[in-house]
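When you get a sec, could you build the whole thing from the sequences and use the hints?
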Amino acid sequence: MAAHYRLRTRLDARIESEGSAPRGLIVVNGERMQAPDRREEPYAEALRVAAEATSYALLPAPELFNAARAALAGADEDTLAAVRARIASANGLVDLSDLLGEGAS
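Each number in the numbering used here comes from the position in the sequence shown (counting from 1) with 99 added on.
Source of the hints: derived by calculation from the structure; they are not laboratory data.
A hint or two may mislead.
[As the list claims (entries may be wrong)] Simulated restraints, written as ranges between beta carbons of each label pair:
#: 1; residue 1: 175; residue 2: 106; range: 12 to 20 Å
#: 2; residue 1: 135; residue 2: 171; range: 17 to 25 Å
#: 3; residue 1: 116; residue 2: 160; range: 30 to 38 Å
#: 4; residue 1: 172; residue 2: 114; range: 37 to 45 Å
#: 5; residue 1: 106; residue 2: 180; range: 26 to 34 Å
#: 6; residue 1: 110; residue 2: 180; range: 24 to 32 Å
#: 7; residue 1: 114; residue 2: 175; range: 33 to 41 Å
#: 8; residue 1: 144; residue 2: 111; range: 18 to 26 Å
#: 9; residue 1: 194; residue 2: 153; range: 16 to 24 Å
Think of the CB as a built atom: it goes at the ideal place given N, C-alpha and C, for glycine as much as any other residue.
What follows is the structure in structure tokens.
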């Protein structure tokens, strides 16, 4: 959670100096040393709650990987635009499975 506290400090400073909160994105790959079929949640529940509370997106690495794989496989522009919009506007956990297919995440 140290990274969250550093980000929170920067967000608070920005709000104080500019009067508005910037958007943020955290990409998490918490169990990178585990085989994909043995992984559990790649982030702490406290980080998910903090992301929702501070209005920044929490993007698990497998979601990012699936989005990149879809783009490289030639996904249509409407789908890719929807993926980008979801990532840019999410508050909290980013779930792209409805855009990329249920088996994608």
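Okay, the hints, checked on the actual structure:
At about 34 Å, the CB distance of residue 175 to residue 106 disagrees with the hint of 12 to 20 Å. At roughly 18 Å, the beta carbons of residue 135 and residue 171 sit within the given window of 17 to 25 Å. Checked against the hint of 30 to 38 Å, the pair residue 116 and residue 160 passes, with Cβ atoms roughly 32 Å apart. One distance hint, 37 to 45 Å for the beta-carbon pair residue 172 and residue 114, holds here, with the actual separation near 40 Å.
A beta carbon spacing of about 27 Å between residue 106 and residue 180 agrees with the range 26 to 34 Å that was offered as a hint. Distance hint check: the CB atoms of residue 110 and residue 180 are about 27 Å apart, consistent with the given range 24 to 32 Å. In this structure the supplied range 33 to 41 Å holds for residue 114 paired with residue 175, their Cβ-Cβ distance being about 38 Å. The given range of 18 to 26 Å is respected by residue 144 and residue 111, whose C-beta atoms sit roughly 22 Å from each other.
Residue 194 and residue 153 have their C-beta atoms about 18 Å apart, which keeps the hinted 16 to 24 Å range intact.
Hint compliance for this structure: hint 1 is the single one not met.
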